[in-house]
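S.K.: In case you want the letters, here they are:
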Amino acid sequence: MDLHLDAITLVYPDGDSTLTAVEDLDLSIPSGTTTALLGPSGSGKSSLLAVAGGLTRPTAGTVRIGQDVVFHPATTVAAATRARLGRIGIVFQSPQLLGSLTALEQLELHAHLRGDRPAGLRARALDLLAEVGMSDHAHKRPAQLSGGQRQRVAIARALIGAPQVLLVDEPTSALDHARGTQVIDLITRLARELDAATLVVSHDSSTLDSVDRTVRMLDGRLEEASRSAVGT
Amino acid sequence: MFVALRDLRHARGRFALMLVVIALIAFLVAFLSSLTAGLARESTSAVTDLPVDHLAFAMPEADDDPDFTASTVTSAQRDAWSAAAGVEGAELLGVATTRAQSAATTAAVTAFGVEPRSTLVPADTPAPITGTATVSRGAADGLSVAVGDTVSLGGHDLQIGTVLDVDASYAHTPVVWVALADWQTIGGRTPASDEGQTATVVAVTGDVDDDTLHRTDAGAGTTTLGVGEARAAISSFSSENGSLVTMQAFLIGISALVVGAFYTVWTISRFGDIAVLKALGASTRYLLRDAIGQAFLVLVIGVGLGTGVAAAGATFLAGAVPVVVTATTTLLPGAALVALGLVGAVLAVARITTIDPHAALAAR
Ligand SMILES: Nc1ncnc2c1ncn2[C@@H]1O[C@H](COP(=O)(O)OP(=O)(O)O)[C@@H](O)[C@H]1O
Ligand SMILES: [Mg+2]
Chain A
1 MDLHLDAITL VYPDGDSTLT AVEDLDLSIP SGTTTALLGP SGSGKSSLLA
51 VAGGLTRPTA GTVRIGQDVV FHPATTVAAA TRARLGRIGI VFQSPQLLGS
101 LTALEQLELH AHLRGDRPAG LRARALDLLA EVGMSDHAHK RPAQLSGGQR
151 QRVAIARALI GAPQVLLVDE PTSALDHARG TQVIDLITRL ARELDAATLV
201 VSHDSSTLDS VDRTVRMLDG RLEEASRSAV GT
Chain B
1 MFVALRDLRH ARGRFALMLV VIALIAFLVA FLSSLTAGLA RESTSAVTDL
51 PVDHLAFAMP EADDDPDFTA STVTSAQRDA WSAAAGVEGA ELLGVATTRA
101 QSAATTAAVT AFGVEPRSTL VPADTPAPIT GTATVSRGAA DGLSVAVGDT
151 VSLGGHDLQI GTVLDVDASY AHTPVVWVAL ADWQTIGGRT PASDEGQTAT
201 VVAVTGDVDD DTLHRTDAGA GTTTLGVGEA RAAISSFSSE NGSLVTMQAF
251 LIGISALVVG AFYTVWTISR FGDIAVLKAL GASTRYLLRD AIGQAFLVLV
301 IGVGLGTGVA AAGATFLAGA VPVVVTATTT LLPGAALVAL GLVGAVLAVA
351 RITTIDPHAA LAAR
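Chains as they are written, first to last, in this note's numbering: chain A, 1 to 232; chain B, 1 to 364.
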């Protein structure tokens, strides 16, 4: 299902005044495609991603998946949590793996959070680890993995629940150019295979050859050129 | 407890430390509580094991709290109790702690003076006749005497008629049963000519209702306690029991604080992980259950270990130290430790509810 961000505004309290991080922004991402979101630091990319993932409520506007409005200014924390668990996968800027879990367990966690353990869960998790090239490291904990390997496990973890939406924040910031490109290629390929509407935030356009679209953000808005490019 | 169990294993050093602290406190609490029960028994068993329902005291001032040392009753008061509705038996009992001297040694004992047809001597033993003493096993051992030997109680010579294999003690001294007439000599309470007999309390048997109790007390000038409550009238018991119980309460409180402090630090160190878990879709309820389940597990294991070792040790030492190991001295304080520890943990992990999943997006 497609992801639609409709007229999103996000205002943070900032001392006595306020700071508008995202302003009246529209963006749609068709399922199975990857859109890269570029822009300078502080332009509001992570804030937009936080709204898309229900990590924070928009001040105005709605987030839809297909026809379903999943997040709006009055969404409850519990409802947002449920929507994330069921429909959205997130890859954070740093891999944010849990230190006490092996790579395989990072993936199995999802089923435990859902409260069910479908048959074949382990097989699916191992398949996905194979997809990201981590088969040989399934039983290692994060401390035994390199930064790039952790990022791959984090991508697999975001996808284990077969989410309709995949949100990725600066996955390449800690990687060199070659590895960064590999990771973006991997995300684009998996998004297509798993039919997830994918948004990748990045500040490095040189790794983005494989994405379907690129939009630029500045001061909380999409730039003119990219807006028309997306407006299909 | 998918994450909590793995955290336990992963941070086993920290949790082991915590476990040891909890186990040590549980050990102390269980041992102390066994000791409290043992000392209480040493202090009161001869009174609490009396085969009667009530003890009537007569204090010098009517509103004094009942107390064995100060109470003196007369045969007139016994007769008033005998006549009360529901009373099946009322007899005089003298209680006096004194010095006992045998050929071999000297020891403190408590003389229980009983009437000629008394039913108060344990194991259905007939009352000792004047000039003889029935001694408990503890008194016989302490004085190194046997049947036929002579023992001097407060300067009054008595022949030992019977040695009873019972554990009867009063204010940490073994009990010797003597005839009431002998007791009056020993205790220095020879009655005045118009008093009839005197003793310390009237021991009352029978199902007496509260109303009759009050009326008879008022009429006879006595203050009556249930035989179980009467241990409060043994002054050594009240003070030592009070301080031991206070120590246990403090230890249980300290344990709750320690658990609370540990989980406060632990939860703060998990802020990042909890934000990530929430961002991945973990409900607050799941996270709380996980954390509290883990605290419960740690508490049960720690308290189980400490209490188990204390119970085993106390049982092993039972001959040398006055300890009583029962469910009340082990399971009850153990349950209190777990319950209060959980309260500490719950208050500490409650901050999970306020952690913002948005924080997961921050690099760390
Ligand atoms: N939680 C927050 N509270 C207040 N201000 C924030 C918060 N997160 C981001 N901001 C501010 O919002 C603006 C956009 O930040 P962000 O979305 O992180 O940009 P980017 O990811 O493009 O670097 C910045 O000015 C930043 O300081
Ligand atoms: Mg950012």
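If you're looking for bench data, these hints aren't it; they were derived computationally from the structure.
It is possible that part of the hints are untrue.
Stated by the list, open to error - Incomplete in silico selection of chain B near chain A, CB under 7 angstroms: (1) His10; (2) Arg12; (3) Ala16; (4) Ser283; (5) Ile355; (6) Pro357; (7) Leu361.
Just so you know, these numbers come straight off a predicted model, no measurement behind them.
Think of the CB as a built atom: it goes at the ideal place given N, C-alpha and C, for glycine as much as any other residue.
S.K.: Decide, hint by hint, whether the structure agrees.
M.R.: Going down the list of hints, with the structure as the test:
no. : hint   : verdict
1   : His10  : 3 angstroms, holds
2   : Arg12  : 10 angstroms, violated
3   : Ala16  : 15 angstroms, violated
4   : Ser283 : 5 angstroms, holds
5   : Ile355 : 11 angstroms, violated
6   : Pro357 : 5 angstroms, holds
7   : Leu361 : 5 angstroms, holds
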